[in-house]
Amino acid sequence: MRNGPEWLRRHPGFAYGLLAALLAVLPFIVGAGLGKGWVRVLDFALLYTMLALGLNIVVGYAGLLDLGYIAFYALGAYLFAWLSSPQFGLHLPFWLVLPLGAMLAGSFGALLGAPTLRLRGDYLAIVTLGFGEIIRIFMNNLDQPVNITNGPQGINLIDPISIGGFSLGTPHTLLGVHVFPPTLYYYLFLAFTLFTIFVAMRLQDSRIGRAWAAIREDEIAAAAMGINTRNVKLLAFAMGATFGGLAGGLFAAFQGFISPESFNLMESVMILCMIVLGGMGNIPGVILGAVLLTVLPEALRYLGDWQRAALGHVVVDPNDLRMLVFGLAMVAMMLFRPAGFLPSRQRRREFRAEDGVAEQEQASLYDAQA
Amino acid sequence: MDIFVQQLVNGLVLGSIYALVALGYTMVYGILELINFAHGEVTMIGAMVALAVIVPLLGAGLPVALVLLLAILAAVAACMALGYTIERIAYRPLRRAPRLAPLITAIGVSIVLQNAAMLIWGRGYISFPPILPEGAHQILGAVVTDLQMVIVGLSVLIMIGLTFLVERTRLGRAMRATAQSREVAELMGVNVNTVISATFIIGSALAAIAGIMVSAYYGLAHYYMGFMLGLKAFSAAVLGGIGNLAGAMLGGLLLGVIEALGAGYIGDLTGGFLGSNYQDVFAFMVLIMVLVFRPSGLLGERVAQRA
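Going down the list, the protein sequences come from chains A and B. Note that this note's numbering numbers the first sequence so that position 101 is 101, with each residue one more than the last. Note that this note's numbering numbers the second sequence so that position 159 is 159, with each residue one more than the last.
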């Protein structure tokens with residue numbers, strides 16, 4: 001809202017009302033204006049917002065570089081699939097399975113955190129990356145000797161979320177309006193995203209949030225101030241992972257199908273990119289980053305149309321060109337805004353992976369620049 | 001025992017390739033504290049350029065040795081130019097930016113290179129023509145091919161050369177000084193920008209050679225091949241202690257051997273429950289275990305915590 005008109009700034013209630021109304025009708029506007037496929041993109045933007053906010057707890061708040069975050073998303077998704085699909089013949093309700101998935105992911109988060117407490121910066125990054133790969137490889141191969149994950153084929157026919165007999169997986173006519181599943185899921189995801197934003201905001205300003213900021217800035221000083229760095233770090237991993245698991249469960253129900261392909265290293269890296277590009281540690285920035293990096297690759301599908309409009313014919317297959325342009329855009333955006341689009345105000349300083357006199361000197365240089 | 005020696009040989013061959021790529025990661029990290037995520041893709045470009053030279057020139061009937069020489073020269077030159085360009089465009093403007101910013105541009109560059117390669121050379125596998133000698137020798141019960149011997153031999157030569165460069169030459173001294181403190185090196189009259197460019201250029205040349213080795217060894221090149229190779233090499237650099245040249249060499253060789261032995265023995269170790277498709281799990285497990293007990297890698301000198 002900072003760049004909004006003066007009047008809106010002086011009436012925040014009205015501004016939030018406007019935002020709420022916009023979010024409420026967004027899937028209908030997008031569906032009518034851009035096509036139904038774009039409602040799915042909206043859904044994914046919300047899922048990635050949840051993931052980015054979750055990872056932001058680990059990376060942005062606590063300053064722990066995690067490159068295996070997608071593993072928690074995978075755990076949540078697979079747990080949902082195991083307990084709510086024909087894979088094991090179980091069809092438990094979502095209000096039971098989602099929390100279980102979040103808890104499973106959270107405990108794995110603590111499990112990953114425990115051996116990595118002594119590691120810093122890039123060493124931590126490589127261990128988390130290895131952890132993510134290990135989970136993915138297990139998902140890929142645990143179809144024998146006992147079929148648990150169904151291997152590379154993945155798990156199919158996952159139950160859609162159904163609230164009191166009202167299934168989100170089938171179209172409905174509500175108040176004379178035809179509503180199809182992606183729109184229904186949009187509202188569910190929106191609710192969960194708002195919940196995530198609320199928790200993330202409250203965490204940031206809490207005692208724990210300040211402890212995270214302290215260990216991020218200087219772990220030894222934080223310990224000297226009486227912060228139990230071990231527990232606080234483990235809590236960051238566990239909290240971040242919990243949101244990953246929650247989003248994973250939602251993803252499984254929404255998609256109806258999951259396979260190890262969806263949980264590769266590049267996904268972890270993309271979520272990290274969302275955070276850094278948007279503005280690490282700053283909630284509006286993280287949301288912006290998540291939405292931007294979800295929508296951009298989809299928007300670039302129109303490259304073929306743009307080529308036709310500009311040159312009269314398609315020179316390069318847009319599917320081949322899409323990710324190339326996406327990569328260029330990522331580089332350009334980062335060069336244009338090195339601290340992210342909306343850097344956090346209290347902390348323009350980036351987190352430092354290692355401490356040392358040289359780093360301290362560099363940090364003061366960064367500060368002078370910022 | 002035969003399997004053991006054989007896997008050891010395979011591991012050493014793979015490991016010396018990892019070591020070459022890992023050196024590129026570790027040199028850049030030592031000086032800039034930056035994970036050059038695009039380094040794996042430079043390796044891939046090296047392999048692709050070499051093949052783009054080999055295939056038409058062979059068709060033109062040139063002698064094999066000359067073709068190979070030209071291919072290596074072309075790949076090394078292309079990768080040097082690429083490494084220099086990447087640093088100038090994607091990293092230099094961000095030298096004073098927050099620490100993670102250049103990591104993101106590195107990932108962006110990596111995506112760009114992958115997709116550019118896909119546009120230029122297509123989505124399919126490109127096979128390496130069977131022009132290399134295919135002789136094989138029996139050593140301690142293991143079969144060692146000529147190509148494997150060439151890969152290990154050439155890697156060792158390059159590593160010795162690099163060590164000489166860093167330890168004995170003027171440029172090497174400037175590199176070490178810059179790695180210790182950029183500001184002080186600058187005050188001592190070192191042109192830091194030149195040193196950083198040189199680091200990228202040398203690392204990329206090593207990557208080009210490693211790329212050719214990989215594609216010759218497996219007989220294939222693919223636009224996606226750099227990703228996994230880069231990942232493994234980066235893991236190797238961290239295993240050895242990132243920023244440390246000897247560490248990268250040791251880490252590369254160790255990772256290669258661990259992987260090969262893992263692939264050979266993991267079935268027996270787990271009573272057939274886990275097959276050789278878990279070799280990466282095995283490699284990452286060892287990596288994690290090592291880092292848990294030695295948080296700065298095997299040869300990492302820098303202490304993680306401030307004294």
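Source of the hints: derived by calculation from the structure; they are not laboratory data. Virtual Cβ for every residue (Gly too), placed ideally from N, Cα, C. A portion of the hints provided could be inaccurate.
Facing chain B, from chain A, some residues (calculated, C-beta under 8 Å) [claimed, not checked]:
1) Leu111
2) Leu119
3) Ile126
4) Gly130
5) Ile134
6) Ile137
7) Pro284
8) Leu288
9) Met334
Now the hints, each set against the structure:
1. Because the beta carbon of leucine 111 of chain A sits about 12 Å from the nearest beta carbon in chain B, more than 8 Å, this interface hint is broken.
2. For leucine 119 of chain A, the interface hint holds, since its Cβ comes within 8 Å of a Cβ in chain B; the closest pair sits about 5 Å apart.
3. With a least beta-carbon distance of about 4 Å to chain B, the hint placing isoleucine 126 of chain A at the interface is held under the 8 Å criterion.
4. At about 4 Å, the closest approach between the beta carbon of glycine 130 of chain A and any beta carbon in chain B falls short of 8 Å, and the interface hint on this residue holds.
5. Interface hint status for isoleucine 134 of chain A: upheld, as the beta-carbon distance to the closest one in chain B is roughly 5 Å, under 8 Å.
6. Annotation: interface hint on isoleucine 137 of chain A holds; nearest CB of chain B at approximately 5 Å, less than 8 Å.
7. A distance limit of 8 Å between C-beta atoms decides the matter here; for proline 284 of chain A the minimum to chain B is near 18 Å, and the interface restraint is violated.
8. A cut of 8 Å between beta carbons decides the hint on leucine 288 of chain A: the least distance to chain B is about 15 Å, and the hint is violated.
9. Given the 8 Å rule on beta carbons, the hint for methionine 334 of chain A holds: about 5 Å separates it from the nearest Cβ of chain B.
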